[in-house]
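There are 2 protein chains.
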Amino acid sequence: MLDSRKEKILKALVEEYIDTAQPVGSGAIALRSGVGVSPATIRNEMADLEAMGFVEQPHTSAGRVPSGRGYRHYVDQLMTVGRPAGPVMAGIRDLYDDRSVPVRALIRRTAGVLSEMTEYTALVEGPQLERATFKRLELIEVNGDHLLLVLLTGDGLFETRLLECPPHIPADYREAMVTSLNTRLAGRPLGNVASRDLESVRREFPRAVTLVESIRGTIEPGDSTESEGLFLGGTANMLKQPEFRRLEKVEGLLSLLEQGRILRDLLAESALAPVDISVTIGEENRYPQMRECSLVTAAYQAGGQTVGYIGILGPCRMRYSHVVGLITAVKESLGRELLRRRLA
Amino acid sequence: MLDSRKEKILKALVEEYIDTAQPVGSGAIALRSGVGVSPATIRNEMADLEAMGFVEQPHTSAGRVPSGRGYRHYVDQLMTVGRPAGPVMAGIRDLYDDRSVPVRALIRRTAGVLSEMTEYTALVEGPQLERATFKRLELIEVNGDHLLLVLLTGDGLFETRLLECPPHIPADYREAMVTSLNTRLAGRPLGNVASRDLESVRREFPRAVTLVESIRGTIEPGDSTESEGLFLGGTANMLKQPEFRRLEKVEGLLSLLEQGRILRDLLAESALAPVDISVTIGEENRYPQMRECSLVTAAYQAGGQTVGYIGILGPCRMRYSHVVGLITAVKESLGRELLRRRLA
DNA sequence: TCTGGCACTCGGCGGTCGAGAGTGCCAATC
DNA sequence: GATTGGCACTCTCGACCGCCGAGTGCCAGA
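Protein chains in written order, with the working numbering: chain Y, -11 to 332; chain B, -11 to 332.
Keep in mind that the hints are not guaranteed to be accurate.
Any copy will do: because identical chains look the same in the list, a pair fits if it lies in one copy or spans two.
Restricting the straight-line Cα-Cα distance to at most 20 angstroms, the calculated cross-link-like pairs of lysine to aspartate or glutamate (DMTMM-like) are [said to hold, decoys possible]:
1) K237 <-> E107
2) K(-4) <-> D64
3) K228 <-> E107
4) K228 <-> E246
5) K228 <-> E239
Bear in mind the hints are in silico, worked out from the structure with no lab data behind them.
Generate coordinates for the entire structure from the input sequences, incorporating the hints supplied.
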């Protein structure tokens, strides 16, 4: 589609624009691209690129700016992604070397570090109950009328919830019920605990129906309208980008970032794509508030299973190659660490 | 200090400015204050108020704007705080009527609702381990080499942590150690678990020293650099305020809001004041990024004990009476709900 | 096919100007 | 003595204007 000189020019143009945030003129490209022709020739090529929809002119007699299509081509074909530099890799490793830090904190820190390293906004979702499998549950007596429910999952996560304990249930009756639940549900994905199983437990232990009901409420993930386990880092970084100097643009964006539910869907959805790292550019985004942004996402795995998602949100004029390299490194380290914590 | 007419004028001026965000002229006050004198008279009074430092003039021939001192006098002496309207109170009650929602989610929602109701930024800190007392701990065997530590506190909170289990400790030896810990620490504030007690347990059960060490790591609150349990709501609301139209002002502010540690200190510190509700206005704030903001804070109690803090951050031109009324209502409801959840 | 030259276009910047809002002061009035 | 209407003055803000510079498109020549 594009001959090699046009590719070089487009690449130089995108990278120059990423650096400067200013429309790029033919002179700058002549210097930077290394194609060795004069600005006049570049101008002709740029007119072609514009006709093909890869670049745009903010107004006559300004330089060119990459269009959505231009960024897309850059991301898909032109950019070269490298491994992050040594010190950066070291920083990522350091993040995960303290084994006593709880998973939550790990995820939170990951978001913080990613946002610092990129100067964009980072979104990291940690392991979620609804993607885990049931391993075992346990009820701990707290006092006469409260029980603490501890739910252990296959990947070493656990969830605890305080339950009101219906009176007059003997401890051994309760234990028997728990044992029954444990054998029936073992290995089940929590996303769809068959209500059939719960039903039979309920029938088997009629005196504990309300208790079973409470347990169901905990292990069946709710409407997930709460954004537990999703962490943002560097939301204020958006304000540093010159494209968001206009307040009205950034306001809608920041409001969107407060909607945990939407962000989670966004992450999960775009990371579904059959590629390692998914990049959604400008107008490709579903939400109008994000039309001037790009979102780079990836799922991370522990033991071959997706356990969470990572995303970086920045302006379309994002340092894609840097971000993609960084996410790749982080997703691997994070996955590895979670696998390491997985219980035998 | 101020005669009653000046007070009326100052009150009208502050309230008009809160409504309009524009410097207030003598005409507007003549209409609003109800003192029944002409604008010319008001002008004379305003000149006095300016000399006394209660109001300022952005430039000659503009209206007046309240100074920090003016706001202070308004908050301390002039404003009338009422109970929030019926529907608002109902909204607050609704927030807490579902007993199955975990405390974390309750706190998060509180922040969300407060920010919506005020259109400012809400900060809510939930009950913290370090302010709780030790009740009991329990170790649950997860598998051969992991234990789940469950720590119950006096106010019905609990904390769980996964520990690596040192090998070759018989279960009954471990249980004995737990029992010993439980009797020694019962009722202790977690903020300062005496290391003397831990020391004797360590001596008593020499084969479990590493385990005791892990437990100590959990129950002694860490450096609390993590901002667990602090929730923000409506940070994007700051951008709606006309005083933050200048990007550079809001950027530092939003960055500050990302520093959980600082916010927690701020909340705890300002809510220490010997009043129910503390108001910190503009220049009174320690951090320069907050010099154009006011912070209204309160501690909330359950059973006479402070368990957390609430704060509302907005522009100096804040609707103080509304905010104070709202915080009062919320802190009572929230405290009541947490007390209700407290274990017998 | 490439290049240098050249006329053209447009946004940004600084300066000027008039309108409008609100003041301070003064003399008259209650 | 307090209050008031009148009036000149000050200052901001938006509109308007012209200049400058960057960058283009096009063309003729290499």
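Check K228 against E107 for me: Cα-Cα at most 20 angstroms, and say if that holds within a copy, between copies, both or neither. within (8 angstroms within a copy, 24 angstroms between copies)
Tell me, please, which holds for K(-4) and D64 at an alpha-carbon limit of 20 angstroms: within, between, both or neither? within (14 angstroms within a copy, 67 angstroms between copies)
Is it within, between, both or neither when you check K228 against E246 at 20 angstroms Cα-Cα? This pair counts as both: shortest intra-copy Cα distance 19 angstroms, inter-copy 15 angstroms.
Regarding K228 and E239, is the shortest C-alpha distance of 20 angstroms or less found within a copy, between copies, in both, or in neither? both (13 angstroms within a copy, 8 angstroms between copies)
Checking K237 and E107: alpha-carbon separation at most 20 angstroms within a copy, between copies, both or neither? both (18 angstroms within a copy, 18 angstroms between copies)
Checked against the numbered hints listed earlier, the structure breaks none of them; every hint is satisfied.
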